[in-house]
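Asker: Use the sequences and the hints to build the structure in full.
One letter stands for each residue in the lines below.
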Amino acid sequence: MDILSLENTGRLYWLGRYSERVYTTVRLFSGSFDQLIDQVSEDATLIDRFCRSLEIPNIYRTGEEFFTRYCFDDQDPNSIYANLLRAYDNCVTLREEIGSETVAYIQLALYALQKAGRSSAPLVGLQKMCDNILAFWGMVDDSIDSEYVRNIIKIGKRVERLDLYARLRRPAADIRREAHRLAGRIPRTGLRYDEERLREIVALAEAEMPDWALLLERVEAFLEGAT
Amino acid sequence: MQEEMDLYRHTDTVNELLARYGVKFGIYKDKTFHEQLFPFDAIPRTISAEEFSSLERGLRQRVDALNAFIRDVYGEKHILRDKIVPEEFVYASSGYLPICEGVTPPKGVYAHIAGIDLVLGKDGSWYILEDNLRVPSGASYPMIARELCRRASPKTFTGAHIEDNRDYAQLLRRTMDHVNTGGMTVVLTPGRYNAAYFEHSYLAEQTGAHLVTGSELRVEGDYLYFIGYDQRKERVGAVYRRISDEYLDPMNFYEGSLIGIPHLYDVFRKGNVALLNAPGNGVADDKGIYYFVPKMIRYYLGEEPILQNAPTYLPYYPEDMQYVLANFDSLVLKDVAEAGGYGVVFGSKMTAGQMEDFLRQLKAEPRRFIAQEVIDFQDIDIMEDGERVPRKADLRAFVLTGEETMVWKSGLTRFSRDPHSFIVNSSQGGGFKDTWIFSR
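Chains as they are written, first to last, in the working numbering: chain G, 1 to 227; chain S, 1001 to 1440.
Rather than coming from a laboratory, the hints here were simulated on the basis of the structure.
The beta carbon of each residue, even a glycine, is placed where N, CA and C say it ideally should be.
It is possible that some hints are incorrect.
Unchecked claim - Covered stretches of chain S (in silico footprint by chain G; criterion: 3 or more residues with CB under 8 Å from a CB of chain G, positions within the stretch not fixed):
no. : segment
1   : 1018-1031
2   : 1210-1216
3   : 1222-1230
Unchecked claim - Mimicking DSS-like on lysine-lysine, the simulated pairs with C-alpha atoms at most 30 Å apart in a straight line are:
no. : chain 1 : residue 1 : chain 2 : residue 2
4   : S       : K1029     : G       : K115
5   : S       : K1031     : S       : K1349
6   : G       : K115      : S       : K1031
Answerer: Here is the structure:
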């Protein structure tokens, strides 16, 4: 495939973003939930802090509701389930670009999440979902012939990861690494992007104490209109 | 037999693999879109080499005649002038499109991909139930099922002399390339929420074509283009369209279509793009026109039909109406405007009130219905809760017309899961089987 439509370019990019969002937020969620396990009484602050870090509304009244709805509620637009469904919706429209074998891993991730929701050990089920997302990324590298296609999915992943890391105030070294990965790959995609803003992103990421708000704004804006 | 048994033991495995690859169909229930897995039964329909050879000849003959009919109807109209098919019958068909008059598609092929539905009678004869010449679907299911069956139970296939049906994509590609007018080949889908979306995307992948929606194509001047990122354009020479005629082009067909491509038909009319299948084919796969196919075979090819129609009556003819009224209980009645198993009713299963309503409709609009004898067709076993149980099943054979007319050495066998039902359609809960053609 040497020519991609604007629609498929956008789908590839968002497939990368949503897959990464699901994977990273599950890892983050698992950490937060682990802390909840040790609480004798439910710590509302912990859930609140989690929601604030991701800029999602805290609509969860109890730890149990937080666990169930945030992970498995397809009606909660911020849930892991809803984000995985968005990855899936993009993925199934890309079969001829990325191949059935690659599509299968997002499908399997969705089944794993659905099964986890019915399981008596849902955290273990979430791990299986993550395994499938990792396998998906393996397939992206291994079986997609078009470098152009691979690069666009990966740009989605890089943008999402930088965005999440900035929201989560990850260590400066992590931010720096992700910013450089993004800057290194994007010229290979053929995507339209704002070079000046990208330079700003790299500069902000180099700072010992990045301006988080500005960094987030630049990350969200530098590809505006491109996908 | 022992080898077959090994595959049966893996039915669940194959269904799990089908789920893995998202082999689904979409269905709307309560105005909401749902995706459902298409239940697969591992006991195949088997057809001997000799039997298939006869079927193949019959199917080629039938599709050649149907192509000749469409060409004639939109061209010279010999068959109408010679009164083999009543003129008013053609012009009253909802599938007849006046806009197609005088338009010849690239290489003169109208029905490139035909899905012919058959059943095997208890007398051992195959009967044609329906010709589907517009957007027949279903080839992808046995194609991927075979791949997965071979993976689940390789020894079943070792030395079994079963024709490999995974060549469907190559046959389809050859068919598309034959009529391509220069440029890329695309599969045009209505989109993600179409019932057969899996098939659209799988066939695009397997044929190496681009899967597109209408918004990705544009007519400029006399040509059709695929519009890439940054507005880069590439000419399109063949469109395997999975959109029905009326939605193809809002400037020439249904003006409210949001999924079509404005002026696509104008490009086609000028011979600058191939549409597979050609618009207007509905005139030949109308359930009413079906009655005339044996006559078409004699008329165009000068041959006796190799395959038989199910005995069919047209209430449009007064003598047939009389027969239908007298034998209502033993007939199946079909609304010619419906598809997918809808609009099919059995006289014997109607209540008195339903019958009264139906007869009123039948008398008011006789052209709208056909009546057929209920074929006593052979059941095929399926596995249910570990037991072999008989169920009604049909066969959709795929006939591709390119440089030559080719019959795919397989087909979609659909079965009813309800022991009391003849309706095999997936939209009504049916499942599917692979169709094995033995090579010797």
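Asker: Run the structure past the numbered hints and jot down the numbers of the failing ones, going up.
Answerer: none
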